[in-house]
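Undergrad: Residue numbers (my numbering), protein chains in the order written: chain Z, 1 to 385; chain S, 1 to 105.
Derived from the structure by calculation, the hints contain no laboratory data.
Since the model is a prediction, treat every value here as computed from it, not as a measurement.
All C-beta atoms in this analysis are idealised placements derived from N, C-alpha and C, irrespective of residue type, glycine included.
The reader is advised that the hints may include incorrect statements.
[What the hints assert, rightly or not] To give a feel for the contact side, a few chain S residues facing chain Z, derived at Cβ under 8 Å:
| id | residue |
| --- | --- |
| 1 | Trp-53 |
| 2 | Thr-58 |
| 3 | Pro-62 |
| 4 | Pro-78 |
| 5 | Pro-83 |
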Amino acid sequence: MRTAAVVGASLAGLSTARALRQQGFDGRLVIVGDEPHRPYDRPPLSKDFLAGKASDIGLGTPDDEGLDFDWRLGARALRLNPRDRSIELSTGQTVRCDGLVIATGARARWLPGTEGVGGVHVLRTLDDAIRLRSELVPGVRLVVVGAGFIGAEVASTARYLGADVTVIEAEPLPLLPQLGKELGMVCAGLHADHGVHLITGVPVRRILGEARAHGVELADGRHIPADVVVVGIGARPNVEWLDGSGLQLDNGVVTDAACATGLPEVMAVGDVAASYSVHLHERHRSEHWTNALEQPVTAASTLLGDPRPHLSVPYFWSDQYGVRIQFAGTRRAGDTVRVIEGDVDRRSFLAVYERRDLLVGVLGMNQPKLFSRWRRQLARPVLAP
Amino acid sequence: MIEVCRVGELPPGEAVRIDSVEPPIAVFHTEDGGLYAVDDTCTHQDASLADGWLEGCTVECPLHASCFDLRTGRPSGPPATRPVRTYPVVVEDGVIRVAHSEVAC
Numbered sequence: 001m002r003t004a005a006v007v008g009a010s011l012a013g014l015s016t017a018r019a020l021r022q023q024g025f026d027g028r029l030v031i032v033g034d035e036p037h038r039p040y041d042r043p044p045l046s047k048d049f050l051a052g053k054a055s056d057i058g059l060g061t062p063d064d065e066g067l068d069f070d071w072r073l074g075a076r077a078l079r080l081n082p083r084d085r086s087i088e089l090s091t092g093q094t095v096r097c098d099g100l101v102i103a104t105g106a107r108a109r110w111l112p113g114t115e116g117v118g119g120v121h122v123l124r125t126l127d128d129a130i131r132l133r134s135e136l137v138p139g140v141r142l143v144v145v146g147a148g149f150i151g152a153e154v155a156s157t158a159r160y161l162g163a164d165v166t167v168i169e170a171e172p173l174p175l176l177p178q179l180g181k182e183l184g185m186v187c188a189g190l191h192a193d194h195g196v197h198l199i200t201g202v203p204v205r206r207i208l209g210e211a212r213a214h215g216v217e218l219a220d221g222r223h224i225p226a227d228v229v230v231v232g233i234g235a236r237p238n239v240e241w242l243d244g245s246g247l248q249l250d251n252g253v254v255t256d257a258a259c260a261t262g263l264p265e266v267m268a269v270g271d272v273a274a275s276y277s278v279h280l281h282e283r284h285r286s287e288h289w290t291n292a293l294e295q296p297v298t299a300a301s302t303l304l305g306d307p308r309p310h311l312s313v314p315y316f317w318s319d320q321y322g323v324r325i326q327f328a329g330t331r332r333a334g335d336t337v338r339v340i341e342g343d344v345d346r347r348s349f350l351a352v353y354e355r356r357d358l359l360v361g362v363l364g365m366n367q368p369k370l371f372s373r374w375r376r377q378l379a380r381p382v383l384a385p
Numbered sequence: 001m002i003e004v005c006r007v008g009e010l011p012p013g014e015a016v017r018i019d020s021v022e023p024p025i026a027v028f029h030t031e032d033g034g035l036y037a038v039d040d041t042c043t044h045q046d047a048s049l050a051d052g053w054l055e056g057c058t059v060e061c062p063l064h065a066s067c068f069d070l071r072t073g074r075p076s077g078p079p080a081t082r083p084v085r086t087y088p089v090v091v092e093d094g095v096i097r098v099a100h101s102e103v104a105c
């Protein structure tokens with residue numbers, strides 16, 4: 001393999017390029033990224049960066065300078081020709097490679113017809129965060145659509161900045177699929193603890209206002225006034241450029257547990273990859289940071305001729321209203337949840353998820369030490385259901 | 001010198017955070033009896049290393065699993081890229097003390 005290309009220049013793409021070098025690849029290594037920026041860390045965009053408490057969120061290190069990456073930033077991949085593994089870029093260039101790793105990530109979903117309406121935001125990129133930050137002034141009325149991780153973190157940061165915040169969630173509770181009813185209720189309580197108005201069980205019908213939003217209309221007819229609206233309703237994988245490439249696309253680029261796609265020498269990693277999970281026993285597209293950091297080590301190994309399944313236990317964290325939430329493992333409908341230490345009402349506890357008496361997940365709120373210990377008990381995949 | 005605690009109050013495998021200095025320091029007692037002091041705050045993002053997982057002479061950050069060598073302060077890999085500062089630890093009359101000054105080693 002003389003030339004490897006990584007398409008996508010965020011955490012997964014950069015981690016792939018580093019892993020290829022660490023594992024001995026010394027050929028030409030092209031990194032394509034559609035944003036003009038060098039790789040940066042996205043989790044702070046809804047937390048300290050949005051709050052104005054952190055500005056340096058670059059992922060690059062001095063060591064990267066020695067790795068001889070051929071950067072193509074501000075270049076969107078338009079098409080993959082599978083015959084010669086050539087990638088057409090929006091800049092008019094074509095990159096031909098012997099090995100390809102797809103790391104094009106995902107993009108924020110909009111409510112239909114709201115993209116470009118003044119005062120309506122999504123939060124995915126650095127530029128999104130800068131735009132949103134300029135509107136979060138004290139006293140501003142913010143409506144957040146969606147009480148998932150992005151929604152809850154934006155609500156928390158906006159509250160810190162002095163905004164008047166309402167969160168609207170279509171499901172009966174926040175984070176229901178991720179955490180289940182019992183701990184979803186605790187997360188609902190976090191919003192209430194901090195004076196954020198949470199409306200659940202009602203979808204948003206539309207955003208009110210033509211050139212500039214002035215509120216949202218709920219499915220039950222209620223109008224909620226707003227100066228700023230943040231839409232946090234999930235993300236879609238960036239796969240359109242792969243149409244016609246022969247790759248299997250099904251909510252992401254389909255791969256096996258070792259990140260290999262159906263095309264030879266083509267891998268996919270991070271938010272764009274729908275990979276077979278040894279923990280879930282099914283295909284799963286993870287949008288979590290730790291997966292984007294760790295999965296590339298597997299993809300690089302597979303591309304360099306040593307395929308092994310990716311075994312890391314799923315993990316994510318969220319910081320909301322000064323409370324650190326950490327979760328490791330998997331959670332499915334029907335799992336039982338048990339608080340084994342601490343006090344839910346004090347927002348400091350450790351809970352375990354069990355499936356047929358087997359430990360499958362651990363959640364900590366403000367319990368990093370205990371969480372670190374329990375997380376280790378999940379180190380092995382749980383047997384098939 | 002900062003007085004930490006008596007040796008018996010920090011069993012092997014345990015860590016303690018010293019909040020009386022800024023930035024705070026974490027003191028570790030490794031399973032093989034070593035005592036080490038480093039900056040408590042991970043150089044990647046805000047997390048306390050005293051809450052981390054201690055294995056041999058390495059502590060793993062509880063938030064993103066960056067590992068630091070307690071002898072040198074160096075991270076072993078991403079996401080952390082910068083070392084934590086290390087401080088000399090002495091035991092006198094059964095009391096653990098950390099040499100803390102403006103110029104850390």
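Undergrad: Each of the hints needs a verdict: does it hold here or not?
TA: Taking the hints in turn, this is what the structure says about them:
1. Trp-53: Holds: closest Cβ of chain Z sits about 5 Å from S/Trp-53, inside 8 Å.
2. Thr-58: 13 Å, violated
3. Pro-62: Status holds, d = 4 Å.
4. Pro-78: Given a least distance of 7 Å, the restraint on S/Pro-78 holds.
5. Pro-83: Since the shortest Cβ distance to chain Z is 12 Å, the answer is violated.
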